[in-house]
Amino acid sequence: MPRLSRTTTRLTGVVAVAVLGLAGTAGCSSDKKADSATGSGATNASSAKVTLTVGLFGTFGFKEAGLYDAYTKLHPNITIKEDTVEQSSDYWTRLKTRLASGSGLDDVQGIEIGFVSDVVQNHADQFVDFGSLPDSGDLKSSFYDWKWNQATSSDSKTVGLGTDAGPEAICYRPDLLKAAGLPSDGAELAAKWSSWEDYIAFGKQYEASPTKPANSKFVDSAASIFSTAVYQGKNAYNDDSGKPAPSNSDGVTNAWKYATEAAQGKITAGLSQFSPPWNKAFSSGAFATIACPTWMMGYIQGQAGTANSGKWSVAPVLPGGATNWGGSWLGVPKASKHQKEAIALVEWLTSKQQEITMWTQGGHWPSNSQAAEDPAVKNAKAAYFSDAPVGQIFGDISSKMKIPPIGLYDTQMQTAFTQALTNVETKNTDPGKAFGDALKAIEQVTG
Amino acid sequence: MPASSKTAAPPAAASRPPAASRRRRSTRPGSKIAYAYVAPFFLVFAAFSLYPWLDTAWVSLHNVRLTSYDKQTWVGLDNYRNLFTNEFFYNALRNTISIGIISTVPQLCLALGIAHLLNYRLRGRTFFRVAMLMPYATSLAAATVIFLELFDANLGIVNWGLHLLHLPQPDWQGSKWPSQVAISAIVTWRWTGYNALIYLAGMQAIDSALYEAAAIDGASRWQQFRHVTLPGLRPTILFTIVVSTIGAAQLFGEPLLYHNGIPNGGTAGQYQTLGLLMYQQGWTNDRLGLAAATAWTMFAIIVLAVLTNLFLARRREHKLGSPALSVGAPVVGPAALEASR
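Those protein sequence lines, which keep their order, are chains A and B. For the first sequence, the working numbering gives the first residue as 1, with consecutive numbering after it. For the second sequence, the working numbering gives the first residue as 1, with consecutive numbering after it.
Treat the hints with care, as some may be off.
To be verified - Calculated lysine-lysine pairs in the DSSO-like style (CA-CA distance at most 27 Å, straight line): (1) Lys433(A) <-> Lys266(A); (2) Lys243(A) <-> Lys71(B); (3) Lys334(A) <-> Lys71(B); (4) Lys176(B) <-> Lys440(A); (5) Lys176(B) <-> Lys433(A).
Think of the hints as simulated: they come from the structure by calculation, not from any bench. Small disclaimer: the values here were computed from a predicted structure and weren't measured.
Only chain B is shown next, with the shape it has when bound in the complex:
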């Protein structure tokens, strides 16, 4: 579920030149042309990210319906007050967190294991690596439709299997936890390969001399994994956790399609996520002001979650005494929120 590569653009502010040298540089011929080169990106960014971001904030302070767009009224923070006293919001928040955990944790663990296996010299390694990425390349709609069939309470293959094993057959649509597990299964299926590839790339960047040294010291495969691979991968792992957290917070397509395109997240809202709630408020209920307030609240929640991740990681390193990680905080923002619409 990581949003996409565009959410991870490390800011290039690592080494800032001293003021003097910067001034000197800007007088050099050709430096102006550099602005022209970067301008297209910033123009597009301003039009499609910055402006919607600010406009969403403005809309969130109004009572707006699309059908009477010219008659919007200023309501101050009423939409936020409404949202924070709204049981639908807290239900969606809880669901987003629980689905996020059920889908992200197994997904990243699986990805790590698969990457480790694919790091060995296997016959047909390229085939496995490509095959692993296939779910990621599958259309979300197609995947969800197939999973809906698999998880059909009466005719699905999952319950058929459980029946054969004499296990209870849950209602994978109607009941809360089974439906959340089913949706998490779709997410996990789609994104495990993607994360495994990222881990694999990270593993291959680890110096093989470290493994040789560890082997000479008598370390087993497992010990090598724990004491060489994992520490070497830490920046990569942090990156995938951050991206997955953002993706989980914005989860939208799977739960929408899981209920035939109705954005209420099940007949009792049992898997309505924040993204779905926002969509329902804005487009089904035609309350754009409230939806905009939800969008901004989601933005705040995501920033908070990412900062918590980074803080925990820093603290852990500090304790371990290893050098600070050079993972730039991904740019999160309304672009990501917009993308979830």
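In isolation and in its complexed conformation, chain A is listed as follows:
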């Protein structure tokens, strides 16, 4: 999941959005405000004027997709103000400070997968429990179970409703595979990449090919494999009770085995994910495949640019089984003075129709399963990715998802392991020593 801070800066301006048409409605709300301020022409006399603040990080895309404007049109008495912090880690530090002091909280707070379990374990009492609302049955049934459960505490308090999610597949460059004399058709690759063993064996074939482009590797980084495979175990970084247990988890053990095999087989480009050289590599063709959550498509498009349109594709497969990387929720702090209005806004923003809009307008994959099953999402094809049937691919993966328990320090543990993997890739560090280094760094976090 993690590596969130950067993943959330993700779709900035990516899937060129047709928001402009909707932007014109912004004028309406301010007109109305002026009207009712003078006491005349108030259409909705029963509801008082309310300003809702929405605290978010990165680019959630509600404003860009025109959803705030649409909402204020439906509810003229509501004004929505967004309060955004660029990096999710900075946002989380600020949110923690505000939760500790009990002041300065927004009416709606974004919650990211990197800290959702901290909110669930330490702050569930400070958020409205969506599981105990009168309509909680309907709410619960409209989201994927795994999405609902990640935001639910052991005593069944649900701190937020799901916005986007990050089901994963493999994005790849058909032209590079073809040049290496390997199959490049999605369906064919799905059969060849069903397990990580097969995927890595395929990568070694790519590496051995005399015709593959020079300076090109099979996969961007060992971290790409590790971060994905770790969540395919029965446990990832934590034991069943959610306590950190990286040294005896099947997810970590297997993911480490695959990632170091790829690193030592020299099929990785050895780039640190989200570093500038990694960003540049998307357009230079330095790697042929990458583990690809839905939001990564937007990232690729942003980095590789229009010049590379049609060069990428999405294979309908994730080696080792379906899993998720990234995603967020919206919660309502109990400290909010406008709880009722804030809950209504959150329910509306995460409802089927709005999550469909978020996908079609901004490329944010719905965690609302009803939205994901809607034809507008299900039949979607990505023009940039050689018209791959992404709606179908990610819909399938979302419905098969099994996710191990996430814990307080998943983000830091993932950083520790991926940094150690970079050393195996670029400095030939012995995997055993690198694993020990990662555990030492993790000990600094868990204390």
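Using the hints, position chain B against chain A.
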């Protein structure tokens, strides 16, 4: 890297009036208003320096995480014990010292040389003096991003040049010493001009009659530099060494940005400084108690380093028999530590 001018506020305790005269003075009208005039500074100092300083000490004796701030527990000196038996701390300490030396020594030598050259009557002297200060006025983030490009292992201009010269091309990010040299280069680039200006001001305060006398005695330019300029500059040099030492001990922004904002100082901690370690402990790992212990340890280290500097300088003067220097010990403290957050 000198922290900033605010770290150097000479205490005004040079000549203390005898008790009697002080009492008499305080009865004079208007003396109370003086307290009102100085109060704003001390109020701000108390709120933003003294209180955080003491609070940091208090926090360092507890197990504190921001996410469970109301549940902090008293652990006594455990955080310090943890720190002093922690290999990450010693790694950061060693890196801080080595980067400090690699960046400070060439920086001050260069600054001295440049100041000496600019002290001559040159055409366009003002231009050079302003140009010299430009790096200091550049944003740290912008500078580091540019240096990252220059030092890119595969595509950077530095390795391209080395390639042309058939020299080995180190991994300026991944390997320990090359990465420390690269970071020191950023520091040196930014602060050399600043120090050169300070030296230049010091040089211009040296009486020109001394140079004339030396010239009459037949001293060459080099001899004049060694026997007139250097002794005259000694207080200034001591000041820049002290300020640079403090800056080096607090080095933070360059190594942070050099690893894309991840505070681990490279994949193997090869350039993690104490400032970075403190930040990582506090904000990435959410262990505020341990970070506070690191902050106080850094404070102690800085005070120790500054005192060593002053002691060495005094001893040298004593040996030379010249009058004691009147450089006040700069006020170092949590304000500086806070500033590094």
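To see whether the hints hold, each was checked on the structure:
1. Lys433(A) <-> Lys266(A): Distance ~18 Å between Lys433(A) and Lys266(A) Cα, so the pair holds.
2. Lys243(A) <-> Lys71(B): holds, 18 Å
3. Lys334(A) <-> Lys71(B): holds, 20 Å
4. Lys176(B) <-> Lys440(A): The given pair, whose Cα atoms are some 19 Å apart, holds under the 27 Å limit.
5. Lys176(B) <-> Lys433(A): Within the cut-off at roughly 18 Å; holds.
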